[in-house]
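Asker: Chains as they are written, first to last, in our numbering: chain A, 159 to 493; chain B, 159 to 493; chain C, 159 to 493; chain D, 159 to 493.
These are computed hints drawn from the structure, not numbers from a lab. Check the hints yourself; a few may be wrong.
Identical copies go unnamed one by one, so any copy, or any two together, can satisfy a pair.
SDA-like, lysine to any residue: derived pairs with alpha carbons at most 25 Å apart [to be verified]: (1) K251 x A185; (2) K203 x A445; (3) K404 x A422; (4) K271 x V260.
There are 4 protein chains.
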Amino acid sequence: MLKIAVLGCGRIGCMHAENIAAHPRAALAGVFDVHRPAADDIGRKLGVTVFDSAEAVFSSRDVDAVLIATSTPTHADFIEKAVTAGKPILCEKPIDLSLPRVQRCAVAIGTTKVPIMLGFVRRFDPGHRAARDAVQAGDIGDLHQVVITSRDPGMPPVAYTEASGGIFRDMTIHDFDMARFMLGEEVTEVSAVGSRLVDPALMRRLNDYDTVTAVLKTASGKQCIINNSRQAVYGYDQRVEALGTKGMVVSENRRPNMTTLHRADFTGKSAPLLNFFIDRYAEAFMAEIGAFVDAIDSGQPPEVGFEDGRQALILAEAAIKSAAEGRTVKTSEIG
Amino acid sequence: MLKIAVLGCGRIGCMHAENIAAHPRAALAGVFDVHRPAADDIGRKLGVTVFDSAEAVFSSRDVDAVLIATSTPTHADFIEKAVTAGKPILCEKPIDLSLPRVQRCAVAIGTTKVPIMLGFVRRFDPGHRAARDAVQAGDIGDLHQVVITSRDPGMPPVAYTEASGGIFRDMTIHDFDMARFMLGEEVTEVSAVGSRLVDPALMRRLNDYDTVTAVLKTASGKQCIINNSRQAVYGYDQRVEALGTKGMVVSENRRPNMTTLHRADFTGKSAPLLNFFIDRYAEAFMAEIGAFVDAIDSGQPPEVGFEDGRQALILAEAAIKSAAEGRTVKTSEIG
Amino acid sequence: MLKIAVLGCGRIGCMHAENIAAHPRAALAGVFDVHRPAADDIGRKLGVTVFDSAEAVFSSRDVDAVLIATSTPTHADFIEKAVTAGKPILCEKPIDLSLPRVQRCAVAIGTTKVPIMLGFVRRFDPGHRAARDAVQAGDIGDLHQVVITSRDPGMPPVAYTEASGGIFRDMTIHDFDMARFMLGEEVTEVSAVGSRLVDPALMRRLNDYDTVTAVLKTASGKQCIINNSRQAVYGYDQRVEALGTKGMVVSENRRPNMTTLHRADFTGKSAPLLNFFIDRYAEAFMAEIGAFVDAIDSGQPPEVGFEDGRQALILAEAAIKSAAEGRTVKTSEIG
Amino acid sequence: MLKIAVLGCGRIGCMHAENIAAHPRAALAGVFDVHRPAADDIGRKLGVTVFDSAEAVFSSRDVDAVLIATSTPTHADFIEKAVTAGKPILCEKPIDLSLPRVQRCAVAIGTTKVPIMLGFVRRFDPGHRAARDAVQAGDIGDLHQVVITSRDPGMPPVAYTEASGGIFRDMTIHDFDMARFMLGEEVTEVSAVGSRLVDPALMRRLNDYDTVTAVLKTASGKQCIINNSRQAVYGYDQRVEALGTKGMVVSENRRPNMTTLHRADFTGKSAPLLNFFIDRYAEAFMAEIGAFVDAIDSGQPPEVGFEDGRQALILAEAAIKSAAEGRTVKTSEIG
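Only chain A is shown next, with the shape it has when bound in the complex (with noise of 0.2 Å):
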């Protein structure tokens, strides 16, 4: 049994609180928030410790392993706190919102052994990972084209809003991911778009978008297409395909039942889309707990570390110049 400590006791950290109690391999080592009542009341429900400090989260016995999900602007520090302690690290994405702020903390923890886990959960989705195993497994020969639909359901709190980076930081980096995860082999140029459909008074405001398409692309020639909307009323749409020479593979969206209805003037699905990303990527969240401990009992590196979240932030910088600029951006000027 890993026991693993929760830094953050907002909606994601308790969500991972629980499925570390939940995990058959996994024990919840304590939690800790700044916000002390937060903390206290997670804790209290599942019977663990409440630390006082994060430093007392680091220096603890009786922590094996660390899971941080407190806001953005700690990750950092805590990641390298982690590492100087020796405490294996499954840490929510992003890294950082500023990239020379993850290049220093890469500097900072340099060739480390300590597990770096980066939170990239969609990995974990069963329809998303049968899709790359299909690829990987040849199933559709050479790989050509990607494409990722990634919509929200809805535009989320102005506050979040305002603090999130912008779309390509805070929402296309799930899709940037899930493209490195799908192509196998590096980005090297970036073409993106940007609209202001949904909220074009805020968008504005923030100088952001709300619906947004990057283009991305391989040496060899690859293509990742992606295509973001902040507003799907009809559900959270969260589709992968993948072109090769010898088919397609298409991980298709999710309804909580399999039930449809036949009337008259409607035939369909009963039943709407998993609308909110707990519920989409519950199985995923716990996989993800599942292949952190894998990773560290097995002493193998996490299939999702440190260098995928600064390479997911170097593709999110440059869609951001190449909506700007108008023009396509390589890479190799960001990184």
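We have chain A; now place chains B, C and D onto it with these hints.
Answerer: Using the frame of chain A, we list chains B, C and D on its own:
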């Protein structure tokens, strides 16, 4: 937290024990099996008491309720004992293979207020339940026909088949309950047809069938058509369809993921059907525990009880008689 | 070019006339109807001869073959006359509503070599045929069960229903033929159940049913389950499913286009089922003409002939008897 | 009956000739081809006049309208001649591969009242049209994003590719028109990315691509993403998706039948996609003839005309420039 003890530590008992242990509103009070090592294994794994006898379970103050997952011939005895002990019961189907034994058990428990729930787990499947809810909500108007397709992936072991009581009592019993769940009124007539196609020699020896169709009719004329096969090599086929004056609702099959593969010679699902009843109905088994806890917490009778178990067995007896005599059998001839 | 004359210029006759006119290997030799204006209309529209009498058709040198689409009571007479005249026949189903009349017709035509094809059009549907071909090719191994769902969008006019001979002779007759098409061996036993749910008053008056299930069994035990309703408000529901030792094949419903609509409260097909048998089986009706021409060109007997019409009627008679008497009826009791 | 003559008796011209001959409101006035034997073959088969020259067609009193299906370099000339002769025109796309030639043709025909329709056949596909109609009816609210997937089954012959004008002018041109059809407002910016993956050597030699993505944007910010590949071995992949403020509509792929096969190792469609554009768009080609007849009968301009052909070519030119220069190109730079 409702403290539930599990009697019977075979495959299904162990699954229930794990579900109870993981359920947020239930606790596993201990386990018992006549074969002590089986109880020891799961007791050790889950860190709970292993009882020495069934009597020890029924008399324990630390047991709020019991889940009976022992061999079928012991069900009725344990139900009677648990009622005497005042312990609420969740009992795996069937109550007994013998209708007279079930009738005696009914007399023995009389008008007890001890909650008794029968493990007709399919009622708790999200898809089938959504279909039933659509019917009850009037989404398809007045109900006319129900079609239940229920096919096992393959023949069970010979020893199991020999002791099963025959396909109607063992396999169709689930569909008889599903029919009653969907129809919302009692069945009055049963017409059944049996064939020996999968393993004719074994079926002749046991005077049993491996491929059957049963057509049920209610007093108002509503029909339910059940088709069963012991062998669907494409997977565990579990579908429920209901036709009414305003439309149709269908609970379709489920797969572990929603990935499709498209090749020159193939377009389809890349994943097979969920192929084992414990996987297929995993959500339903967990929901069943929740429904049991709810019934006890609320003081309401469980939504599927002893009488439902008795009625399903009456339909099985009617079907056996119908298939043997080549005629429609009224349930009033049986019960 | 095979010159075919059409007898009967009602809805179906006119459709056949247009199909023959449009067929690349057939020509419309003329039309006839006892109600002269009906024949004049379609004759003028298609620019062909309008015959004064059926006799004029049978004796015409310009007529190579005849398509009989007159009212049912005239079918047997016209078949006998066409045989006498040596004109190959494509006759709409049924041969007659009276089995004795069909038997007399069989005697009258004896061992004629004149090709007689029965209009069981569903055999020519691309989907149903692909399913049958999969069965014959061994794609699903040995056949065990066939399930035919066949529901009309709504009740026909009362006058039609009164003269129809009852649901088994009028509607299920198509499914009896489909059963024989799929099963590939003769049915020996029929168990049928009828209900009065759509229009109980009318059904009682006519001693008919509007909702029926028939279970057919062959000597080797293969089963075919047919379910019919006179009212499926979601559209003309036409499905055929076959289960065998190696898998299942399903011919699904068809829609005019493959467009789906996804909204907050709805995900599904934006187009309803093809709702009228002439639209649903448009391809099949055209293919039927082609099969008739092929049979005559090749000198081979048509793949669906007089005996198929007689056998389907025997199954209808058996089903009527079974539903009335509440017992399984052997076809040997009928034929 | 509108008497239409067909110029050009290649594969597409012959298909159009047969469609006109079969159309209830059109008649085939004759055919012409510079390669006389090609015209003779189809003329004999359909029993129509074979013209000696294009001039003979334009001057014939028996010709109400012309369908131009000759080689691309002759289109603009024939359009000019037909306009001079006052014959309404249905011309296969493109008008010409050279935008300057198209501009000169525009000047030549000036403000002619002679109806000119461009053969962008996909607009007449029932599925794509149902999607467009749903957008126009407001079913998905305000339009935000269109995604067009358009992939050929395999590379055309080398000679065809060499003369095609490149993938953007030859293949994407259909999608540029579909984008305009769906968007309902003009595109102002084009960002395109090209890769050489299917046949890199040929593509390098021709300075062409076989795998491309184009992202179009309108003045109001609406986006259309087109992805093309010359090689989809699973079949001719033709999908159109539109996202709006109230939902999404998708025109899915089509197959020749709706039969599915379910085996131990396979669940899916037993029939491949309709794999050849003439089969896939068979209904659309026939509907196109109907729309041409309707336009002439009603005196309304055809719904897809000369200017649509010119605009699609402008988008192709912008895409070529964008892919070559690695930047977003404004359509105002081209037109």
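Asker: If a hint holds in the structure, say so; if it doesn't, say that too.
Answerer: Hint by hint, here is what the structure shows:
no.: 1; hint: K251 x A185; in the structure: within (22 Å within a copy, 35 Å between copies)
no.: 2; hint: K203 x A445; in the structure: both (23 Å within a copy, 21 Å between copies)
no.: 3; hint: K404 x A422; in the structure: between (40 Å within a copy, 7 Å between copies)
no.: 4; hint: K271 x V260; in the structure: within (18 Å within a copy, 65 Å between copies)
This entry satisfies every hint, going by the numbered hints stated previously.
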